[in-house]
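Asks: Build out the structure end to end from the sequences listed, making use of the hints.
What follows is the residue order along each chain.
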Amino acid sequence: MGIEQYNSIPPKATEFEFSLFGRGTAYGESIVLHLGENKWGIIDNFINPKTKKSTALEYLRAISVPYQNVEFIICTHWHEDHITGFTSLVEQCEAADIYLSAAMNSEEHNRMIGYQGKALSKFNPANEFVRLVTYIAQSPRSLKRASQDKVLHKSKIGNEELLLIALSPNDNTISYFERTEYKQLEKLKAQEDGVFKISKPEPNLQSIVMLLTIGSDFGLLLGADLEVTTKSGLGWAGILESKMITTHSQVFKVPHHGSENGYDEGIWKQLLKTEPYLALTPMKKGKNTLLPTERMINTFYNYSARSYLTSNPYLDTVRHQNPKVRNFINRKGEKISKPNYDYGQIRLRKGFSVNESEITCELFGAALPLSELVES
Amino acid sequence: MDLNNISPISDKLNHNCDDNMYEIPKKNIHNTDYQYDIPNLEEEECKNGDGEHALNITYSHQYSFKSNYQLVNTWEGIVTEVDGKSIYAKLYDKSDGTYDEYEFDKDDVEVDEQNLIEVGTLFMLHLGYYTNSRGTRIKSAIIKIRRISMDFDEEISENLNFNNIWE
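Which chain is which? The protein sequence lines are U and Z, in order.
Residues in the first sequence are numbered consecutively from 1, following my numbering.
Residues in the second sequence are numbered consecutively from 377, following my numbering.
Quick caveat, the hints were computed from the structure, so don't treat them as lab data.
Hints are supplied without guarantee of correctness; some may be wrong.
Ranges of calculated distance between the beta carbons of each label pair, as one might list FRET restraints [claimed, not checked]:
no.	chain 1	residue 1	chain 2	residue 2	range
1	Z	N444	U	T299	50 to 58 Å
2	Z	L492	U	Y314	31 to 39 Å
3	U	Y135	Z	K482	39 to 47 Å
Everything numeric in this text was worked out from a predicted model, so none of it was measured.
Note that CB positions come from ideal geometry on N, CA and C, so glycine has one too.
Replies: Here's what the structure looks like:
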């Protein structure tokens, strides 16, 4: 079951919507945008752990939106928690433009996929890329590149213009990945017969960060998983090079699951209005990696009391669903555990008109205000 | 273990897996009591009742454990964290398409294999019951670390280069 039974009232034709879906443990996040007049956009894909379907499409179905009304699908970066089932999403939204990071479109990248794409594994994101490419090659559709200052979508509702602009990747980032992948290929050739480890790629730095504006007053900053980095001109520092940042945003999809490496107070202050809405998807990985950390929870809450998470990362795991496995593992010394599958939706809506500046915020499923996690 | 009994990995998929296996926790089981074939990994299209479809990687059952081994479940795993001797992994449960979390100890891994354990290491985990020669049923976990060859696939790369997939 999804959470659609709670959230099935569609927005008005003249109402903008930002919905963030997420479950931090292994499943990732997805964003649904209402662009006005029943036109929609989807950013990244998140599979409902229970139904194995795209949460974005489940939601659109719940509010009776035909999939052909999806105008664009954007993959911010090629990480498992954002791309699982991406090809299926693309296939079902036949009319949608498909945007990928321009940092993924180089000869070097293609050759790397040529190496990695054959190794079948549930954990190999190159497999999903090969699926997408295979589908695109057999269809009349094509992939579009998103890079800094490119307008990805433009529409007009009443007197107000809606613009979706990519703020990254910038030229430095695109060149950086060409160089990095070239070096990897050289290394591969040199060690063809030996054991070879590919160094950790950095898809987060390829992220498409976007700014959505309505008129001159409203800004929504979509942070993807972009990190702050010491690499010159890359990451959040590169965002500030954009010529298209015309407004401070009052809504922010916090980058990289609220990680410390996605936070730079100085940069945030240049991009955000005071007391913005902060929306984030937590992440639990291994035993010790739990995002956001307690320190960041307090940091975000001090930054803005209007902070929300799609689920509580500190909730315990649940019993294994397979009775045979449950019998096998000793409950006291349990080494295999099933993550809590409950996911949430943070939904913000506002009218397009200048006179409708008020934003309504609703939480569904496992979503909660950050204040519930703040130490009193 | 008789290495001659191990089936060759599928040429199509170019997986180079090791030939070792071990149990967690260690039990007095002789490896010669097992016969273990390397599973094939395949892609197949799954359609659900709503006509929506998605490509999934599936694991066809090519395991041939001896009759004294009863397989309970199989996962594909990836190491997500190494904290001293404690190892944490994410598991993909092929039986229901969900993910689990797994915690094990570095000492549970054969000494020769321990240097392969790091974040990103892929492995297969099989849980089952082994019945020894005295008829005692013993819980057993088998991990096989996956090594993946990096053979270049010209076709994939050419598709990316020449099929005008980018606008």
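Asks: Taking the beta carbons of Y135 (chain U) and K482 (chain Z), is their distance inside 39 to 47 Å?
Replies: The hinted range 39 to 47 Å holds for Y135 (chain U) and K482 (chain Z), with Cβ atoms some 41 Å apart.
Asks: Do the Cβ positions of N444 (chain Z) and T299 (chain U) conform to the proposed distance bound of 50 to 58 Å?
Replies: holds, 57 Å
Asks: Do the Cβ positions of L492 (chain Z) and Y314 (chain U) conform to the proposed distance bound of 31 to 39 Å?
Replies: Since the Cβ atoms of L492 (chain Z) and Y314 (chain U) sit about 32 Å apart, the hinted range of 31 to 39 Å holds.
Violated hints are absent here; each numbered hint is respected by the structure.
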